[in-house]
Amino acid sequence: MAQVRFLYKELIRTARLLPEAKRIPALQEIRTKFREHAGETDAAKIEEMKHDAESRLKFLKMVTPRRPSKEAENKVYRVDEKGEIVEGHGVCANDARLSHFGMVTDEMRFINEQQMRRMHYLPYKKRI
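For the sequence shown, the numbering used here gives the first residue as 1, with consecutive numbering after it.
No wet-lab data here; the hints were simulated from the structure. A hint or two may mislead.
Straight-line alpha carbon distances no greater than 30 Å define the calculated DSBU-like cross-link-like pairs of lysine-lysine that follow [as the list claims (entries may be wrong)]: (1) K45 with K58; (2) K58 with K33; (3) K22 with K50; (4) K61 with K50; (5) K33 with K45; (6) K45 with K9; (7) K9 with K58.
Pairwise CB distance ranges, derived in the manner of DEER restraints [to be verified]: (8) E20 with T105: 46 to 52 Å; (9) H37 with R109: 56 to 62 Å; (10) S55 with P25: 16 to 22 Å; (11) K9 with R109: 44 to 50 Å; (12) R23 with Y121: 39 to 45 Å; (13) F110 with M62: 36 to 42 Å; (14) P123 with E20: 36 to 42 Å; (15) D42 with I12: 20 to 26 Å; (16) R35 with M116: 25 to 31 Å.
Glycine included, each C-beta is placed from N, C-alpha and C at the ideal position.
I would like the entire structure built from these sequences, with the hints used as guidance.
Here's what the structure looks like:
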């Protein structure tokens, strides 16, 4: 019973993030489906409905847009060579070149290759 209640709350929470046009019908559908089958006692039927609710929840999580924070809207961040966030274009206050990955150096290639090996995308070099 606790799992069903958790699924219900999670479905409601996720449906509230839908756009206005889809939100109200989705909430009504969720509420009516759960209320229709509130008195169900057959264990197999309950498991089947629980599986259906879980699949609907997964689908809702895929199609529900995330609410962006007001601060991050339409902002572009640039990072200088020291890893500090800098707003603006071109050159920092201390004349350090901004890193925008336009110029790839040997060191950058080495670091990328190292990270790719660590994530098992590239085979490790054999030691002799």
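Evaluation of the provided hints:
Taking the CA atoms of K45 and K58, the gap is near 20 Å; set against the 30 Å cutoff, the hint holds. Between K58 and K33, the direct Cα distance comes to roughly 17 Å. Compliance with the 30 Å bound is thereby established for this hinted pair. Proposed proximity of K22 and K50 is supported: the alpha carbons are some 23 Å apart, at most 30 Å. A threshold of 30 Å between alpha carbons decides the hint, and for K61 with K50 the separation of about 16 Å falls inside it, so the pair holds.
The hinted pair formed by K33 and K45 meets the criterion: a straight-line CA distance of about 14 Å does not exceed 30 Å. With a C-alpha separation of about 20 Å, the suggested pair K45 and K9 falls inside the 30 Å cut-off, and the hint holds. Proximity of K9 to K58 is assessed by CA-CA distance (about 14 Å); at most 30 Å being required, the pair is judged to hold. A beta carbon spacing of about 49 Å between E20 and T105 agrees with the range 46 to 52 Å that was offered as a hint.
A hinted range of 56 to 62 Å for the beta carbons of H37 and R109 is consistent with their spacing of about 59 Å. At about 18 Å, the CB distance of S55 to P25 agrees with the hint of 16 to 22 Å. Taking the beta carbon of each, K9 and R109 are about 49 Å apart, inside 44 to 50 Å as hinted. Between R23 and Y121, the C-beta spacing of about 41 Å keeps the proposed range 39 to 45 Å intact.
Distance hint check: the CB atoms of F110 and M62 are about 37 Å apart, consistent with the given range 36 to 42 Å. The given range of 36 to 42 Å is broken by P123 and E20, whose C-beta atoms sit roughly 51 Å from each other. The hinted range of 20 to 26 Å is satisfied by D42 and I12, whose Cβ atoms lie roughly 25 Å apart. Between R35 and M116 the C-beta distance comes to about 52 Å, which lies outside the given range of 25 to 31 Å.
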